[in-house]
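Visitor: So the chains spell out like this:
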Amino acid sequence: MSAPILEARSVTRRFGGLVANEDVSLALHAPAGQVVSVIGPNGAGKSTFFKMLSGYLKPSSGRVLLHGQDITGMPPHRIARLGLVRTFQETTIFPDLTALEHVSLAHQLHREATDIEVLLGAPRARGDEIRLGESAREILELMELSSSADTAARHLPQGLLRLLGIAMGLAARPQVLLLDEPYAGLNPEETQRAVAITRRIAASGVSVLLVEHDMKAVMAISDRIHVLHFGRKIAEGTPQEIRDDPKVIEAYLGQEDEELGL
Amino acid sequence: MLQVLVNGLVLGAVYALIALGLTMVFSIMRVVNFAHGQMYMLGGFVVYYLYGEFGLPFWVALPAAAVALAVVGVAFNRFFFQPVLASAAREENSMLMAVGTALLLENLALAFFGEKERGVPPIVDGSFIVGDVSENGAILTYPNALVALLSILFITALLAFVRFTRPGRALRAVAQDAEAARLQGVDVKATTTLGFAIGAALAGLAGGLLVTIYGINSGVGTNISTKAFIMIMVGGAGVTSGAIVGGALLGFAEAIGYEMLPGSVTYLLIFVAMIVFLVFRPNGLFGKPWG
Amino acid sequence: MRTLKTRDAAVAVAMLALLAVAPVAIGGSRYMLSVLMNCAGLSLVAAGVWITFTIGRINICQAGFALIGAYTTAILMARYGVSYWIALPASALVAAALGALIGSFILKLRGIYFSMLTICLTEAIRLAFLNGGDFTQGSRGITGLQQPFATDSALPMYYLAVALLAVGLVVTWRVHDSRVGRIFHAMRLNEALAESFGTDVWRYRVVAFGIACALGGLGGSYFAVFTQSVYPQSFTVEHSIYYMLYCFLGGLDYVSGAMVGAFALTILFELLSRFQQYQTLVYGVMMIAVILLLPNGVMAIRAAARPSRA
Numbered sequence: 004m005s006a007p008i009l010e011a012r013s014v015t016r017r018f019g020g021l022v023a024n025e026d027v028s029l030a031l032h033a034p035a036g037q038v039v040s041v042i043g044p045n046g047a048g049k050s051t052f053f054k055m056l057s058g059y060l061k062p063s064s065g066r067v068l069l070h071g072q073d074i075t076g077m078p079p080h081r082i083a084r085l086g087l088v089r090t091f092q093e094t095t096i097f098p099d100l101t102a103l104e105h106v107s108l109a110h111q112l113h114r115e116a117t118d119i120e121v122l123l124g125a126p127r128a129r130g131d132e133i134r135l136g137e138s139a140r141e142i143l144e145l146m147e148l149s150s151s152a153d154t155a156a157r158h159l160p161q162g163l164l165r166l167l168g169i170a171m172g173l174a175a176r177p178q179v180l181l182l183d184e185p186y187a188g189l190n191p192e193e194t195q196r197a198v199a200i201t202r203r204i205a206a207s208g209v210s211v212l213l214v215e216h217d218m219k220a221v222m223a224i225s226d227r228i229h230v231l232h233f234g235r236k237i238a239e240g241t242p243q244e245i246r247d248d249p250k251v252i253e254a255y256l257g258q259e260d261e262e263l264g265l
Numbered sequence: 018m019l020q021v022l023v024n025g026l027v028l029g030a031v032y033a034l035i036a037l038g039l040t041m042v043f044s045i046m047r048v049v050n051f052a053h054g055q056m057y058m059l060g061g062f063v064v065y066y067l068y069g070e071f072g073l074p075f076w077v078a079l080p081a082a083a084v085a086l087a088v089v090g091v092a093f094n095r096f097f098f099q100p101v102l103a104s105a106a107r108e109e110n111s112m113l114m115a116v117g118t119a120l121l122l123e124n125l126a127l128a129f130f131g132e133k134e135r136g137v138p139p140i141v142d143g144s145f146i147v148g149d150v151s152e153n154g155a156i157l158t159y160p161n162a163l164v165a166l167l168s169i170l171f172i173t174a175l176l177a178f179v180r181f182t183r184p185g186r187a188l189r190a191v192a193q194d195a196e197a198a199r200l201q202g203v204d205v206k207a208t209t210t211l212g213f214a215i216g217a218a219l220a221g222l223a224g225g226l227l228v229t230i231y232g233i234n235s236g237v238g239t240n241i242s243t244k245a246f247i248m249i250m251v252g253g254a255g256v257t258s259g260a261i262v263g264g265a266l267l268g269f270a271e272a273i274g275y276e277m278l279p280g281s282v283t284y285l286l287i288f289v290a291m292i293v294f295l296v297f298r299p300n301g302l303f304g305k306p307w308g
Numbered sequence: 033m034r035t036l037k038t039r040d041a042a043v044a045v046a047m048l049a050l051l052a053v054a055p056v057a058i059g060g061s062r063y064m065l066s067v068l069m070n071c072a073g074l075s076l077v078a079a080g081v082w083i084t085f086t087i088g089r090i091n092i093c094q095a096g097f098a099l100i101g102a103y104t105t106a107i108l109m110a111r112y113g114v115s116y117w118i119a120l121p122a123s124a125l126v127a128a129a130l131g132a133l134i135g136s137f138i139l140k141l142r143g144i145y146f147s148m149l150t151i152c153l154t155e156a157i158r159l160a161f162l163n164g165g166d167f168t169q170g171s172r173g174i175t176g177l178q179q180p181f182a183t184d185s186a187l188p189m190y191y192l193a194v195a196l197l198a199v200g201l202v203v204t205w206r207v208h209d210s211r212v213g214r215i216f217h218a219m220r221l222n223e224a225l226a227e228s229f230g231t232d233v234w235r236y237r238v239v240a241f242g243i244a245c246a247l248g249g250l251g252g253s254y255f256a257v258f259t260q261s262v263y264p265q266s267f268t269v270e271h272s273i274y275y276m277l278y279c280f281l282g283g284l285d286y287v288s289g290a291m292v293g294a295f296a297l298t299i300l301f302e303l304l305s306r307f308q309q310y311q312t313l314v315y316g317v318m319m320i321a322v323i324l325l326l327p328n329g330v331m332a333i334r335a336a337a338r339p340s341r342a
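Protein chains in written order, with the numbering used here: chain W, 4 to 265; chain X, 18 to 308; chain Z, 33 to 342.
Misleading hints may appear alongside valid ones.
Unchecked claim - Within a straight-line C-alpha distance of at most 30 angstroms, the following computed BS3-like cross-link-like pairs (lysine-lysine) qualify:
hint, chain 1, residue 1, chain 2, residue 2
1, W, K219, W, K250
2, X, K305, W, K61
3, W, K61, Z, K140
4, X, K305, X, K206
5, X, K305, Z, K140
Simulated from the structure, these hints should not be mistaken for lab results. Treat the numbers as computed from the prediction; the structure is a model and nothing was measured.
The shape of chain W in the complex, shown without the other chains (with noise of 0.2 angstroms):
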């Protein structure tokens, strides 16, 4: 049995007096390119969970693991180039930049030429921008945002800036991406569209590990969902499981109904 992916052990995170996650373990196992979500109702510390993963917080204890290695603790560019990308929950980009030159920028690990050779304009570094210019345009055609490539990142609607977020995660070429929110916000056709983008980098081979509270989207993309509630874990399983676990069900209500959408 080999090592699981992506592996969160006895997760814990205090901030002074409040606990926002305590003891959470998950697994995603092979084989790649599963769809994992952690969902759970407000303050229930998916956030904070995430962002302990991809390093942007230490746990107060437990570890995580990327492919049997310790991560934890490590800072996000570290564990950015072992493999495990994280996208923003807020709409977090460069104004001015373009779509393209976002991805294009976002491929910053994959460059061959040093920095020395980037800043002396070498044959190598001019070699890398062509090369990740192309590879940046595959990424935006897989979003479908070919046609935003060249529009300045400030013109862009909320929906498409969301698919921007997770182009430049694709860019960094992870074999996991934590999917910070990616639906919030979207109407019924874009989350459609966003489900549909989201099964097809799962294809591809990248596990995807998302935070949502879209409960249709959740349900329809899942292949296992774990749920977290006051910053503990109460539940996993299939979506059917979890649908139907009277837990998750508690935990629920008293939530706004539109918001379930069960």
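With chain W's structure known, arrange chains X and Z on it following the hints.
Guide: This is chains X and Z only, laid out in the frame that chain W set:
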């Protein structure tokens, strides 16, 4: 040893006064008043002219320095900082303006007061002598004692003002969250003006006090500002505890250093120590992250 | 964006061309030549500060690194008889190395804390040289430095200044217009996002700061032989502040901004000499006026009405 303690106390008291003025402006406007040292310098000159040249009593000259600098503070806020903060092209523009005002004040002083060092006659004569001076005793001159006492008095008055009066509470509210304060009905604009006026006045008071011991010249601004920065960085910006602790620490460090080391090495060591400290505590002892 | 870059390049090229032919236009006036040489040197040093702006730090310690460069040159030449042509690059390297070392610790600070710290660092460097004993000759400074050209004419030193300025511009341009520069930009706008695709933010900050300090050291080295002396107070906090102001007032979005700011403000200052003892005062007043009226700097005048807001 005792002398070092006494010196440290005197310096610490005045330095804390200086630091409080700077931290006041920072907490209200999120701008570092780079002209703080120059305002100190102007306060010294006001006292020099009123008390030293025109012979007015010290207890008239000193408040005059505070009032004069308060007026300068109000004017600077109204004509220079508010326009820049409103247009907010880049967030660094307010810092640029702060630097500009510092240069302006310094050049103004150089143009009108010249470069010469000035002094004033001591307010009182005599000293306390504690213990045997030749053996580990200490001298505390009356002027030094007066300066320290007045500094502590002003600091206490300020703390009481901020804690117990309505405008003082408004200052605290704006310092914590300007938007929330506005929603609670606080006149943020007037409060900001008040904050800047107080900050400037404190600088002027410190200058007016220290001119009686150290004299004044047009060029001390940068030096005082640098010391104020050290205190704020080590103590923590935007909090009164940070300013007071920072002031006390610098006062003692300076007293110890000048006692034990040749002249300028003291501040070299203070800088190095500060840089090392900031690597571990980037926000100072009590400060909150900013920027 | 394209128009900004074109305008930027055009200004840079035009300035260099003007400087190249200036000696012909101004006859033999040593005074005017030395003003231009001064401007060129200041532009070079300020270019380093400009680079630091691109990683989101307001650098007020460049005078310290100019001083390091100046002393490196002075000590190598006066004490060890090294040729200026070796001392010059050596000064840049020493400044870069020290900058990278110090930067690796202090660059994690941001905003006002970083700026205040750099002011203190400038002072600390001055004090270090003041207390350097025999090695730096303390307050006496190091004087009597020989200029590298055995001629009475000011022209060789003039063209050296222009050449060094050109080097500074090219370096700054390459840093800004390359993938490295775009990474700096990304880091400044959104550090977390840049990290997420593998950017080692700390390392890039140190690289940027090292290059910035190298330019400072290069400029300092030039000034050392230009004025043929160096003292602890040759480069002070006030100078640091002026370098920063040149960048601001020239324009932070333009590579040529540091140069435009340095030339504009320095020449303006010279033109005010008729005011004699009020010269600095009038200068200060004009500075404030410019800050109020041109918040994006001189270069942004008549720019397209598309604010390049971050």
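Visitor: Verify the proposed pairing of K305 of chain X with K61 of chain W, using a straight-line Cα cut of 30 angstroms.
Guide: Roughly 20 angstroms between the alpha carbons, so the hint for K305 of chain X and K61 of chain W holds.
Visitor: Are the Cα positions of K61 of chain W and K140 of chain Z separated by 30 angstroms at most?
Guide: OK: K61 of chain W and K140 of chain Z at ~18 angstroms, within 30 angstroms.
Visitor: Do the alpha carbons of K305 of chain X and K140 of chain Z lie within 30 angstroms of each other, as the hint requires?
Guide: Within the cut-off at roughly 15 angstroms; holds.
Visitor: When you check the alpha-carbon spacing of K219 of chain W and K250 of chain W, does it fall within 30 angstroms?
Guide: 19 angstroms, holds
Visitor: Keeping to a limit of 30 angstroms between CA atoms, is the pair of K305 of chain X and K206 of chain X held or broken?
Guide: Satisfied, since the Cα-Cα distance of roughly 23 angstroms is no more than 30 angstroms.
Checked against the numbered hints above, the structure breaks none of them.
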